[in-house]
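With chain B's structure known, arrange chain Z on it following the hints.
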Amino acid sequence: DAGVIQSPRHEVTEMGQEVTLRCKPISGHNSLFWYRQTMMRGLELLIYFNNNVPIDDSGMPEDRFSAKMPNASFSTLKIQPSEPRDSAVYFCASSFWLGGPSDTQYFGPGTRLTVL
Amino acid sequence: AQTVTQSQPEMSVQEAETVTLSCTYDTSENNYYLFWYKQPPSRQMILVIRQEAYKQQNATENRFSVNFQKAAKSFSLKISDSQLGDTAMYFCAFMIRQGNNLFFGTGTRLTVIP
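Line order of the protein sequences matches chains B and Z.
Position one of the first sequence corresponds to residue 19 (the numbering used here), numbered consecutively onward.
Position one of the second sequence corresponds to residue 7 (the numbering used here), numbered consecutively onward.
The set of hints was computed from the structure by calculation and includes no laboratory data.
For each residue, glycine too, the CB sits at the ideal point set by N, CA and C.
Treat the hints loosely; a few may be bogus.
[Claimed, not checked] Pulled a few chain Z residues facing chain B out of the computed Cβ check, cut under 10 angstroms:
hint, residue
1, Y43
2, Q45
3, I52
4, F70
5, N107
6, L108
7, F110
8, G111
9, I119
Just chain B, with the same shape it has in the complex:
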């Protein structure tokens, strides 16, 4: 089975540009997570969806960040406008969760974003 798929794997852009990161979760999973990894802050949860509905976006740093999940097999994380401090590795993860006992999250390969 294919794991979590993320695109692009690398993105280099200039400050002020819009950046869109994409994620396809594992088929059958109904929860999707966006994480950011930086040297300073480690791994932090930005937002997660359950059944395509955003449940907790308290980790989204500011209004420049937005995430959508239009269907069960696709999600985007958008940064507009991008800033150099947004440079990080962004991970998408998915799991199967029915609101009861949690299930293991499986991670995609990540997108390395560099904002010049």
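Just chain Z now, with coordinates in the frame of chain B:
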């Protein structure tokens, strides 16, 4: 609030030897899960092992095993017969049983020396 602490930023081990990575956590929850994830240079986050807090038996996965001490809130990872492919960052993570948020430690960089 849940916190996860990994006090060893870096460790090294000789190939074929055994190494133990430490992790402690703080929570007021009674039902939760603990995980170890591995992040090799490829950056992929790979699940190594998972432990349910309500299970007394320590989880094992081939060469990987944990020492789970619930009262001490300790969750260490033992890697036996270390291999060069074990070189990676290792992250300890926590999740409450009825929740969906993973809380990560800061990681331990393990180097296996030939």
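* Asked: Can you name, in rising order, the numbers of the hints this structure does not satisfy?
  -> 4 and 9
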